[in-house]
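**Q** We have chain B; now place chain A onto it with these hints.
Each protein sequence line maps, in turn, to chains B and A.
Heads up: the first sequence begins at 34 in my numbering, then just goes up one per residue.
Heads up: the second sequence begins at 461 in my numbering, then just goes up one per residue.
There's no promise every hint is true.
[To be verified] No more than 30 Å apart at the CA atoms, straight line, and that leaves these computed lysine-lysine pairs for DSS-like:
id	chain 1	residue 1	chain 2	residue 2
1	B	Lys56	B	Lys70
2	B	Lys77	B	Lys89
3	A	Lys509	B	Lys70
4	A	Lys564	B	Lys61
5	B	Lys100	A	Lys502
6	B	Lys56	B	Lys100
7	A	Lys509	B	Lys47
8	B	Lys77	A	Lys462
[Said to hold, decoys possible] If you only want the chain A side, here are some residues facing chain B, beta carbon under 8 Å, derived:
id	residue
9	Met469
10	Leu471
11	Ala511
12	Ile514
13	Tyr526
14	Leu541
15	Leu543
Hint data in this document are derived by calculation from the structure and do not stem from the laboratory.
Ideal Cβ positions, reconstructed from N, Cα and C, are used throughout, including at glycine.
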Amino acid sequence: MPRNTNPAVKKKKKLKKVIEKGKCRFTKARVDEVDYKDLATLQKMVSAQGKLYGRKRTGTMSRFQRKLKLAVKRARFLALLPFVAR
Amino acid sequence: MKTRDYEAMFLLDNAAAVADFDGTTGSIDQILAKHGATIVQKEKWDERKLAYEIGGHKRATYYLVYFRAPTDTVARMAGDLKLNDKLIRHLTIALDEPIEVHVKKRAEERERLAEESRKASLAAGWGTGDDRPRRRREDGEPEAFEVPDVPELNEEA
Numbered sequence: 034m035p036r037n038t039n040p041a042v043k044k045k046k047k048l049k050k051v052i053e054k055g056k057c058r059f060t061k062a063r064v065d066e067v068d069y070k071d072l073a074t075l076q077k078m079v080s081a082q083g084k085l086y087g088r089k090r091t092g093t094m095s096r097f098q099r100k101l102k103l104a105v106k107r108a109r110f111l112a113l114l115p116f117v118a119r
Numbered sequence: 461m462k463t464r465d466y467e468a469m470f471l472l473d474n475a476a477a478v479a480d481f482d483g484t485t486g487s488i489d490q491i492l493a494k495h496g497a498t499i500v501q502k503e504k505w506d507e508r509k510l511a512y513e514i515g516g517h518k519r520a521t522y523y524l525v526y527f528r529a530p531t532d533t534v535a536r537m538a539g540d541l542k543l544n545d546k547l548i549r550h551l552t553i554a555l556d557e558p559i560e561v562h563v564k565k566r567a568e569e570r571e572r573l574a575e576e577s578r579k580a581s582l583a584a585g586w587g588t589g590d591d592r593p594r595r596r597r598e599d600g601e602p603e604a605f606e607v608p609d610v611p612e613l614n615e616e617a
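Next up, chain B with everything else stripped away, as it sits in the complex (with noise of 0.2 Å):
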């Protein structure tokens, strides 16, 4: 069979992959809970103001995303995230 040379057809495929490479960091990582703990994961899910990015941004499942917030909120009470960065 010969390779579809369509460019709408590649530009979707190439769409398709980049959607899969953005897929959930929780998912891939199997991790059934987010530790409040784990700084070097949480920082990379909030901005430089200290704001949680959406799920949009993130490609964060809908489960995760939940407790990915509870845990950025625990992470804050404790001061290991600002609520506000200067």
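**A** Below, chain A without anything else, positioned relative to chain B:
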């Protein structure tokens, strides 16, 4: 009464924790034991700068405890913990998974961190990349690197 597994993080006053870590944590352990908690594992999690100032404290020692206790313990011990002036803040979480799972995870995590920091310090050539004060040199111990002799610029003028 039904017992549950808990994880608690305590923020200790840094001055007290650095001077007498066992004494400071001992007072916390006593309060836990008084209200019927059985401590499974306790450890110093970290000593770090706070993301924001809490009651004049800029740094704190984080003390992590895993314990098993009757379900009314957490509410009862909160009053006693409030009276402890070495304690800045604390957070207790009821665990869904058995405590052993968490203790094992924590041990693996510690191993991974130790390995990472070892690799990072090797890659950088010195230090561990944190901002904690360095160990004071022993008497007669040489400098980590030679300080080159820089001639004074003003001498010729």
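**Q** Does each hint fit the structure? Answer for all of them.
**A** Going through the hints against the structure:
no.	hint	result
1	B:Lys56 / B:Lys70	holds (23 Å)
2	B:Lys77 / B:Lys89	holds (14 Å)
3	A:Lys509 / B:Lys70	holds (15 Å)
4	A:Lys564 / B:Lys61	holds (21 Å)
5	B:Lys100 / A:Lys502	holds (25 Å)
6	B:Lys56 / B:Lys100	holds (17 Å)
7	A:Lys509 / B:Lys47	violated (44 Å)
8	B:Lys77 / A:Lys462	violated (39 Å)
9	Met469	holds (6 Å)
10	Leu471	holds (6 Å)
11	Ala511	holds (4 Å)
12	Ile514	holds (6 Å)
13	Tyr526	violated (12 Å)
14	Leu541	violated (14 Å)
15	Leu543	violated (20 Å)
Going down the numbered hints, you'll see the structure goes against 7, 8, 13, 14 and 15, while the others check out.
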